[in-house]
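Model the placement of chain B on the given structure of chain V, informed by the hints.
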Amino acid sequence: MLAPTRPRYGCIARALRFDSVARFILKTNLNDDLVRSLRAALRRMRFQWFMERFVTFVLCAALVLVVITAAQRWLLHMPPLSPPWWLVAPAVAVVLAWLAAWLRRVDLREVAAVVDRLGNTHDRSLSALAFGEKTTPFQELAAQECRTFLAQKNLARLIPVRFPSAVGYVLIPLATLTLLQWEARLAGDARQRLAEAAQKQVDPTAQQLEKLAREIDKSLDPNKDAVLKKLAEQLKKSAEQLRAQENGADEAAKAALRELSNLEQMLQQMQKAPASASPEEMKQLGEELAKNDATKAAAEAMKSGDLQKAAKELEDAAKQPGKEEAEKTLREALDRLAKQRELSEALKQLAKQLQQSAGDGASSEALQKLAQMLQQMGQQQGSSGKPGQQPTAEQLKALMAALENMKFGEQPESGGDSPGDGKGQLTIQSFSKPNPDGSKADGPQIPSGQPGGEHDTATTETPFGKKNDDAAGKGTDAGLKGRLGEGKSLSQLLPSTGDTSKSNRRYKELYEAIAPSAQDAVVQENIPLGSRFLIKRYFESIRPKE
Amino acid sequence: MTEAPAPDLDAQVQRFKTTFRRIHDEMGKMIVGQEEILDAVLVAFFAGGHVLLEGVPGLGKTMLVRTLAEAVDLTFSRVQFTPDLMPADIVGTSIIMENEQGQKAVKFQPGPVFANILLADEINRATPKTQSALLEAMQENHVTVGGHQHPIHQPFLVLATQNPLEMEGTYPLPEAQLDRFIFKLKVRYPSADELHTILDRTTAGTAPVVSKVLHSSDEVISLREVVRKVPLAREVQAHAIDLVMSTHPEDKYASPLAKKYVRYGASPRGAQALILAAKIHALLDGRYHVSRADIDQAALPALRHRIIMNFEGEAEGKTSDEVIAEILSINA
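Protein chains in written order, with the numbering used here: chain V, 1 to 546; chain B, 547 to 878.
All clues given are correct.
FRET-style restraints, in silico, Cβ to Cβ: (1) 152(V) x 745(B): 44 to 50 Å; (2) 152(V) x 720(B): 50 to 56 Å; (3) 71(V) x 861(B): 53 to 59 Å; (4) 161(V) x 721(B): 46 to 52 Å; (5) 714(B) x 110(V): 50 to 56 Å; (6) 149(V) x 872(B): 27 to 33 Å; (7) 750(B) x 110(V): 58 to 64 Å; (8) 36(V) x 876(B): 31 to 37 Å; (9) 165(V) x 564(B): 47 to 53 Å; (10) 165(V) x 745(B): 53 to 59 Å; (11) 36(V) x 861(B): 53 to 59 Å.
Keep in mind that the hints were calculated from the coordinates and are not lab data. Note that this is a predicted model, so its numbers are computed, not measured. Just so you know, even glycine gets a beta-carbon here, dropped at the ideal spot from N, CA and C.
One chain only, chain V, in its complex shape:
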């Protein structure tokens, strides 16, 4: 007798393109119980397949997560995927495993073969299905015997449902992900500590740079002075770059030194630029020229600040018969001025020309040169406003001294509460130390920019010695004769000497090769004691990391 559900199941099976199953269901009338049992076994098989595929896909998804997390950590330098993202792996695995398990086409005869193998039924399920169509009496006899035998067994129970053995392997990617998270957290904390240390290291320097920039902004009108404006912007930019440091205290200190060196280099270039005479020089020069009648009118004009008129008066004086007397007066005035202070580049050239003409005995055009210089200064004065806004050598040297103080680790001391003195002059204290007797060294001691002359400027016997009246009065530097370019030099192109380079073996070798000789040179050479510290500190700063 046919089971009532058989045709429906057969149609469904046919609709699902399980042709063999449909044919089997629709044509068989004695194996209904067997078919039901086998379908129950098939469901258990699908569930087992689902679990096996689930574990497999979870492993694959977890492996992908590990790869992504590792790539984010070490290649993209991003924070790793957070644990909620890990739930994506089992979610995807469930969907894929379900699809893989339920889309797998299985004939009931395959299920019967599995059941027979697991249940030790001597292929009775398979034979009962095969002989269901009953072609011979012997086949019917065999099918009857098989059905009788199988009726006593629960075929579905023969299909084991257990966790796949590979489920233990899921712990491996899970542990890997956990370790990656832990390592990323540790690395983040370490990076934050480095950044904090770097900020702590560079913060004073950055503040000083910003303070210098503010002082420049306050003391001068940057809108009318492009040089000072550029300088202030560079100071602010350097301060920002320093604040962006996050590679630890050592790297931050090196970066600060580099920034200061760059600023120092920029200031040196500004110093080297041809400079005109300062107003103070012009004032003193006017007082000297006023002692001669021929140049008295020009001196009055220089005192009053009318440089165009002074230039015209000097040209007139050069055309008068007593010009030799006027040139002599000018030469003596420059000599006295040079003894009192360091002359500007323009006056130095003028004095040099006067000395050459005096030595050769030939007549010179010194007055006309001075007139031309004054004329140019007058033109510059007309273009930039008032003469006090042009950055003077003293201003640049004061800035230089302040930067050197920063490199040396000193806090620049501003004169009073105000950064300026109200005359457009920057009052930035140089690194000069109080004398051992308690007296304060005078004024900013201006580094010359020459090797060995940045800090002590040959004004004291020792870096912190007593005030040298001679140096204070004359302001002349005693240049040290170095042997730059004369000694042995080692030049080598290193592909990995950059700070961001990871390979520093050759750099280490080079450093170890030159460090002893450099140390000997610092001790033996005629280098001022104040500079020795900086030189040693320089070599300390370039020491390769261990």
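Chain B alone, transformed into the frame defined by chain V:
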């Protein structure tokens, strides 16, 4: 409507089982131990195949064959193969005979092959020419002498023996002849307990009498027909084919040992032997269908002489039994 099974079909099956057991028991009166050999010989007998027995002398091979012939009441003949044995000594010859009227005529004198059970003792001592005389009889069930075919009455069973130790002066059976044996059985040496029993039976008292279980050859033939009716599913038959194909080294399903050490695999006769033997095993197990386990049970005796090892396999001492065991484990 369901077609009811033939009422006598089950009875035939039961009769087959009973007969098989009775013959086995009668042979067991004379043959101590060797249960597997007895079963295999009877399986071959009811499957209509021939058996090659391999074993050292004195293990009861001849006694086994003689006992079988007595139990089934069939004609029995024995040929001791020697190097000078001629084919005519086996198949028979035509001789000139004079009748009562004095007329002379050529008459075929049948050889020992014209028996229901033929014992070819030490078959490997005969020359290949003489060995091949059995080929036609074993496969076609008739012999041709003088241009005339002479049928051999059924049932016809050849039980050949060979000694694996003495190889000098022997002629190994050609593959074509080996393939005609349904089984190759290795007769093992009896255990100590079995030897006790053998000595008790043969050295004291009287020899046991073997009763006749079958009284005519027709009974044997009818039982053979019952065996051939046993059905088997397509998948089970595919299993037998898989086993045979796995012995072929060039086949994609060949086992690793077969690929490495086998020169020639089993022939289709091997698959036939597997199926026939499996059907008998199924009936003896009380089933009316063949299972894969039945086929596996017949694999060793049915395939071992059909697998020809290559030089490398023989040099390394590999046997066809190892190859079959690996194939069975792979196809389990």
